[in-house]
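**Student:** Below, each chain spelled out in residue letters.
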Amino acid sequence: MLVGVKALKEIPRKVTSANLQSLAIALSAIVLLTIPLGAGPYPITVMVDMGFYTIITMGIILLMGFAGQISLGHAAFFGCGAYASGVLTTQYHLSPWLALFLAAIFTGGIATIIGRFMFRLRGLILAGVTLALNLVFFHLVSSLVGLTGGAMGMMNIPPLSLGGFTSQNLLFNYYLVWIIAILLLVFSLNLANSRAGRALRSMNVHAGGSEDAAQVLGIDIMKYKVWAFVLSAVYASIAGSIYAHYTRIIEPGTFFVPLSALVVIMAILGGMASPWGAFLGAGLIIGLRELLRESMPVLVGGVTGSYELIAYGIILVVALLFLPQGLISIVHKAVPKKRAIVNES
Amino acid sequence: MNFSVALQILISGLNLGCIYAALGLGFFVVYSVTRVFNLAQGEFVMLGGMLTASFYTMGIPLIPSILLAVIITALAGAGLYRFIMYPARKSSGVTKVFLTVGFALAIEGIALRVWGWEFRSLPAFFNSPSIQLWEATIFGQTPWVIGVTLLMVIGLFFFFGRTIQGKALRACADEPLGARMMGISIERMALFSFILAAGLGAVVGALITPLTMTSYSVGWPLTIKGVLAAFVGGITRAEGVILGGLVFGMIEAITAGLIPGGYHNAIAPGILILVLLFRRHGLLVTAGRE
Chain G
1 MLVGVKALKE IPRKVTSANL QSLAIALSAI VLLTIPLGAG PYPITVMVDM GFYTIITMGI
61 ILLMGFAGQI SLGHAAFFGC GAYASGVLTT QYHLSPWLAL FLAAIFTGGI ATIIGRFMFR
121 LRGLILAGVT LALNLVFFHL VSSLVGLTGG AMGMMNIPPL SLGGFTSQNL LFNYYLVWII
181 AILLLVFSLN LANSRAGRAL RSMNVHAGGS EDAAQVLGID IMKYKVWAFV LSAVYASIAG
241 SIYAHYTRII EPGTFFVPLS ALVVIMAILG GMASPWGAFL GAGLIIGLRE LLRESMPVLV
301 GGVTGSYELI AYGIILVVAL LFLPQGLISI VHKAVPKKRA IVNES
Chain D
1 MNFSVALQIL ISGLNLGCIY AALGLGFFVV YSVTRVFNLA QGEFVMLGGM LTASFYTMGI
61 PLIPSILLAV IITALAGAGL YRFIMYPARK SSGVTKVFLT VGFALAIEGI ALRVWGWEFR
121 SLPAFFNSPS IQLWEATIFG QTPWVIGVTL LMVIGLFFFF GRTIQGKALR ACADEPLGAR
181 MMGISIERMA LFSFILAAGL GAVVGALITP LTMTSYSVGW PLTIKGVLAA FVGGITRAEG
241 VILGGLVFGM IEAITAGLIP GGYHNAIAPG ILILVLLFRR HGLLVTAGRE
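First to last, the protein sequences are chains G and D.
Residues in the first sequence are numbered from 1 upward in steps of one, following this note's numbering.
Residues in the second sequence are numbered from 1 upward in steps of one, following this note's numbering.
The set of hints was computed from the structure by calculation and includes no laboratory data.
Since this is a predicted model, take the numbers as computed values, not measurements.
A virtual CB, placed ideally from N, CA and C, is assigned to each residue, including glycine.
Hints should not be assumed to be uniformly reliable.
Stated by the list, open to error - Stretch by stretch, here's where chain D covers chain G in the computed footprint (C-beta under 8 Å, at least three residues):
(1) 115-121
(2) 139-147
(3) 251-265
(4) 320-330
Given only the sequences and the hints, what does the whole structure look like? Please build it.
**Tutor:** See the structure below:
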């Protein structure tokens, strides 16, 4: 019987033991940093994509898995970062690094204002409002032709550069995206085991918490909800800025609901109990997407892109019905849990 | 502002309002019976439009084309309930929302596979000519949109208010346990609500195709507009949903008239979000009542 998104239910008190955690981070960092040495340009391109999705999905996991709030509009924040970076570099000729930084602050500011008002609502209406915000964002960037190039998109965004390398260099992008992903992972894991992380879990209805009970204990639930929302928006904005400087062309259609839904699917498939779920979810889905893109049009014909949409839908339904805690739950079962004593009382 | 401009805005607001009200009603039918937040409603509308357009271009007359489209879309609605929502009927509301999102994406993918990227269109129903009224132009399709929406509204009110079947549907939502004790099969009623919503959606899809064109990707904006209309008016009552749709349409027509350049597409839903933030139960429901 399915009672609740079980994905959200089994959030361990201490994600895994600290030693195992550091070991896993070190291992995946080494693997990720050495992969490009033996790989051609195609797998690296795919891995760069995977990195963008991993970063956004980590934000979604903070918001949904920890704070227990739904967002079906995070593509807007991804787009907000991308467009802010694009506008600041092409119209105001700022350095791309400064633009990335300012875009994150800008997106965070917008998310603060929106969150402050939006979290007056609860539950499903909230999901509807986040969807509607995505629609508003899409039409806004399509209409602001002078600033964003409108529906035609924005072109010639300058690349990020560091020490003679620019993000026109594929490997530079690869390392940039994944180093940021790993830094954000470490940050998320620390957050999960901090005072704020415990506060968030205590008010997460889906994880057995209660907003009312948390409030009685003196936790300012509004503050923490907005805070989780802003953090997740900033994650998406950072990914968006790097994406804009990497592809150098952005258009409004990219930042619409299908992308918002996709990162939620990655979070659900990967599992929302831990930020690691983002790596599993994004890795698996992008891997599958490439497989479908390569094989299906050859095997059965048809438009590229159609099969992956069908697959996303099927994966979401199957994951919710049969693996509601996501892939991370399998890992959690396999790994012997040496729980920290501090949080057990 | 002179009279003809005001009249033009009024007509286009009424036209848009009817569309949004009809979109909201499809959403409302499922919500009011099953409390499921069906985010695949826009895909039903897309399917209705795409199917009607393809049958029509095959040379089938308009009315049979629409009927075929409605039947196929209703089958899709039945499939959504039977194979996805029914197995998950004990899940939380959040899980159910995501299930409908999964279904919506799959339908979008199938539509892309079948019809490709191209936009499709239909001529105004029975090639109705545009009408000139005090220098305001009424597009030939507009009377059809308003008329059919009106028929749908009257039909739904009659059905929910006056027939045993309709009352049984309402009972399922208000008091599921009581309804079951009265011998009403909640599962069958839920199935019926999905079929009804899909069918209504398909009719709306056929209605709007001559005005807006259609492609595989139009579903999400339609879903979002329907959801906004339904919640702003008040999802608990059909009158609320219709009011929400009309308000939405009028706001959009007025902003489109005042501010050129496509901004109305962003401003109108933005205003509706603001309304929702300050009246979370909708315009029609008095504060404090769920």
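**Student:** Hint by hint, say whether it matches the structure.
**Tutor:** Now for the hints, and whether the structure bears them out:
no.	hint	in the structure
1	115-121	holds (count 4)
2	139-147	holds (count 5)
3	251-265	holds (count 6)
4	320-330	holds (count 3)
This entry satisfies every hint, going by the numbered hints stated previously.
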